[in-house]
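Residue numbers (the numbering used here), protein chains in the order written: chain A, 163 to 570; chain B, 20 to 403.
The set of hints was computed from the structure by calculation and includes no laboratory data. Among the clues, some could well be false.
[As the list claims (entries may be wrong)] In silico lysine to any residue, SDA-like type, Cα no more than 25 Å apart, as pairs:
| id | chain 1 | residue 1 | chain 2 | residue 2 |
| --- | --- | --- | --- | --- |
| 1 | A | Lys-387 | A | Glu-345 |
| 2 | A | Lys-452 | B | Pro-212 |
| 3 | A | Lys-452 | B | His-94 |
| 4 | A | Lys-429 | B | Asn-89 |
| 5 | A | Lys-452 | B | Glu-207 |
Computed from a prediction, not measured in an experiment: that's the story for all the values here.
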Amino acid sequence: MKAIIGATVHSVSGPVIPGGVVLIDQGRIVAIGADIPVPADAEVTRADGMHLIPGIVEPHCHVGVFDWGMDGESGKSGNGGLSEAVTPALDYLYALNPRAVAFRDAIAGGVTTLLTGPGSGKVVSGQSIVLKTAGRNRRSRILKAPAGVKMAFGENPKGNFGRRGIMPETRMGTAALLRNALEQAKNYMNRQELASKAHPAAGDDAAAKPSGPPAVDFALEALAKVLRGELIARVHAHRADDIMTILRIRDEYGFRMTLEHATEAYKVKDEIARRGIPCVTGPSFGSRDKVELRDETFANPGILERAGIKTAITTDAPIVGIEYLRTEASIAHREGMSAAGALRAITLTPAEIIGVAGRVGSIEAGKDADLVLLSDEPLSFLSRVERVWVDGAPVYERSTWREDWQKD
Amino acid sequence: MLVLRNVTAETVSHGTIEGYSIVIDGDRIVAVGRELAVPAGAAVLDLTGKVVTPGFIDAATRIGIHEDGNGAIGHDEDEATQSATPHLRAIDAVLPADVAMRDARNSGVTTCLVQPGNANVVGGECAIVKTCGSAAEDMAVNPAAGLKLSLVALSGRWGGEQRERSEAVAVLQAELQAAREYQRKRMEDADEPLDLKREAYQPILRGERPAFVHADENHDIDNALLLSSQWGYRSVIIGGAEAHLMADELAEAGVPVILSPTMVPRGADRRNASLFTPQILAAHGVRFALSTDHPTLPVRYLFVVAATAAREGLPVSAALRAITLAPAEILGIAGRVGSIDAGKDADLVVWSGHPFAVGSQVEQVFVNGQSVYENSAGGAGEGR
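Model the full structure from these sequences, guided by the hints.
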């Protein structure tokens, strides 16, 4: 049994508790409150004057998959080969290097859970995974795999394919490729359905039997999971027109989806709110290198919050260093998001969006003991990460932490 | 004439002073003090409860030459067709209407060094500009601030090929040798024609201007120091990802560093970038400034770079100095900008609270004594 005593506890799911107690056992939070009796044999961490928040959750990044020449699939773009623009079968679990340096950065920044996966170079690029940033090995750290199918609209797929004479060269082409792939998946599901209904009774004439189930196609299997609602579509879109195009396709086919980046979501907030689509915003900390980022603003998450949209914040690491996710929340707050909303936007909200809120994202009895102790208010620019626990195990302590260059 | 009264002044040069008055006449600060009489006919702006800082200085950017939101067609910083292009001038590509200029001044950044990129070895002449104006020459504090050199292997890609560190050094040595010989010939023979490329090296060889040398890894920094002492030019290091590993050498050489932000991803040459670099450099007596390296980190987040350094242990006053007076000194413009002192340009930022405090907003910005931004809503601005 471990006890963290005296910190201002920001549970995120409940009220802020000054001078709170959090009890941890077997890697889980077992109690949280102001007046919890602490067992005599508990290992106590005094945290008076400090602030305790849930482990931070990054809902969209490429950590361990690509890192511009350092880790993961070293030197790769995270898009795989670029001979075709629709590759839903690619499972990025197999691309993941769990020992990438960026995982250490994540821990030092208080990020304890992240969704990582393919880039946005294709219309449909593959499947993402959710894992802890610390733990024994890759298998033990996985929370959810697969955790959604990545799709992309706008400049990236166009730029990668069109100039080489491969579709899409246009936004129309991107939409058509996705519609076509979804239609094929629908047909595939129909043929499966037909085959399963047509169980021939013993002795039936073989000639009366329909053609049987379709040959297993892993690409169509992945999209069928999207259409059945088992996997969420994570759709990269910056401009408002790109957002409206994917919303139209979603209305036609009826799947669950998130908007990733959602740079101009503030321009079409009512359309997004009406459909209940969550937004993973950012990385507004990055530059407006592309034309489609021209109207980027850190006011976006605050505007979406006020429109009633479930809004998370991302670093899109390595676009922005993973350890700056909390700094991004501070800027979002400075630009108009509520303080509670900004803290939620990097903890419970992303946990809900990526489907792991049963395990992480808030300080509640029964959840994993992923905790971050801060020197000051969570959103202060001057607030330091002092300690981090993952599954109840201490993984970071500021006074003894060594950066890579400090190691012998 | 305008008097900003009752401000909490972060003067940078002489501490934090409450109940301060700042008198602006034309484009200059003409008087500062606690017990100042308001000059006859002066307009008075009572700023009780507000904090005033000098305009921030971003000591390494590509603002205006790597245009925001215009895509590749607006990227004008890398003339990588040739290995050395010393005769290029950043001032010739600065777009005053770049939206990043608006972002800069609206977030309190009033002066920037604009540097050619890192794709070739000698990028061209850097410029220092104010972030407000309609013509680059009017915005320039110094249109020829020093020559941009790059020794970083990873980004070297001139002549259509990826290049290596040793090639970069060879190019630089050959260029400097040719520049010296050219100068000797010019001295000996009045008919030797002017050569813009060779001429461009003379100010650094004469010690009139520094070389701004992009170097990140420890051996790149060491190379920069070696070449600088061999050829007798002054260097300012830009980048400095491993400057903390070279702190003694930098201190001994008296070479200042303009640090790139740690928010940028760790590419292979930034593997050892550290949050602790600013305080390590401070402890070793190395002069340094903090920068965004815009567009690497957008210029509007210069305050976050400084606040992050303060979070990790640099004193708050030193962090503020690292984006005001320290870069002014390193860039050689401290006579004009970088602190709240009489005689300096009236580049001032009015804040609702200390710039590093989480809810603080920029309320008004003055450049050359002119109000260039006013956040009348008093809250977060949309579309900034």
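Structure versus earlier hints, numbers of those that do not hold, lowest first | Going through the list in order, the structure violates hints 2, 5 and respects the others.
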